[in-house]
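Novice: Sequence:
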Amino acid sequence: MSAALKDTFREIDSKISYSVFKAYPKSSDCQLLLKSLEWSCHGVPFLSLTLAALYLWPQNETVAKLLLGLIADIIYVALIKAFSRRRRPIYAKQDDQITIAMDKHSFPSGHASRAIYVALFFNDQSFMSLLIWIWALSVCMSRIFLGRHFITDVIGGILLGAFNHWFQFGIGQSLYKFFIWLLFNVLGVQFSTRQDYDSEDTLLDDDS
Numbered sequence: 001m002s003a004a005l006k007d008t009f010r011e012i013d014s015k016i017s018y019s020v021f022k023a024y025p026k027s028s029d030c031q032l033l034l035k036s037l038e039w040s041c042h043g044v045p046f047l048s049l050t051l052a053a054l055y056l057w058p059q060n061e062t063v064a065k066l067l068l069g070l071i072a073d074i075i076y077v078a079l080i081k082a083f084s085r086r087r088r089p090i091y092a093k094q095d096d097q098i099t100i101a102m103d104k105h106s107f108p109s110g111h112a113s114r115a116i117y118v119a120l121f122f123n124d125q126s127f128m129s130l131l132i133w134i135w136a137l138s139v140c141m142s143r144i145f146l147g148r149h150f151i152t153d154v155i156g157g158i159l160l161g162a163f164n165h166w167f168q169f170g171i172g173q174s175l176y177k178f179f180i181w182l183l184f185n186v187l188g189v190q191f192s193t194r195q196d197y198d199s200e201d202t203l204l205d206d207d208s
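If you read the sequence shown in my numbering, its first letter stands for residue 1, the second for the next number, and so on.
What the hints contain is simulated information worked out from the structure, not anything from laboratory work. Computed from a predicted model, the values in this text were never measured in an experiment. Where is the CB? At the ideal position from N, CA and C, for every residue including glycine.
Pair by pair, the computed Cβ-Cβ distance ranges are:
#1 A162 to A23: 25 to 33 Å
#2 C30 to L182: 39 to 47 Å
#3 L182 to A23: 43 to 51 Å
#4 K6 to K26: 27 to 35 Å
#5 K6 to S126: 40 to 48 Å
#6 E61 to D13: 36 to 44 Å
#7 S48 to I180: 16 to 24 Å
#8 F169 to W135: 15 to 23 Å
#9 D7 to F127: 43 to 51 Å
#10 I180 to L56: 12 to 20 Å
#11 S174 to I12: 35 to 43 Å
#12 M128 to D7: 38 to 46 Å
#13 S14 to E38: 17 to 25 Å
Let the hints inform the model, and build the full structure from the sequences given.
Specialist: Here it is as structure tokens:
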């Protein structure tokens with residue numbers, strides 16, 4: 001892609017993103033909603049809560065898998081941002097959020113990738129899954145409404161989140177099983193299996 005074509009594409013992306021940003025109401029209630037969505041998917045509390053959950057429920061393999069997926073998401077986003085180095089939109093205030101140096105870059109949206117990954121992780125036919133999807137898509141839209149990202153940043157984040165989930169539970173499943181093994185053997189996190197419960201039931205039957 002030529003430099004002129006790239007500049008034209010970025011200009012179109014910027015103009016459309018700015019139009020969406022301007023169209024969203026700027027009342028305090030609307031901004032509070034956007035900030036709430038932002039914090040609900042912020043990497044620091046999200047990762048901290050998952051670590052706390054793993055500490056409280058060390059036998060829960062689902063939490064361990066979620067933790068590994070979130071760590072992978074952070075690594076993917078950091079590497080791509082370091083390579084792309086796209087600046088955030090200049091039409092919105094950016095100093096009212098807690099960021100690290102790498103997070104000052106715009107592409108891809110870490111919130112979008114994390115939200116989509118979580119939605120896919122808990123994806124099933126339940127009502128709770130529907131609520132998570134509504135939350136995830138709302139987080140994605142909020143990044144544009146807040147002026148944190150351009151539209152293509154959010155699209156890139158959505159695709160990255162989908163890739164993260166696909167890799168973890170697809171061709172990279174063996175690798176993630178190895179990381180689960182490391183958690184079990186190196187960090188001392190113990191996961192229970194159906195066999196453990198069956199064995200426990202057998203012991204109880206013998207005692208009775």
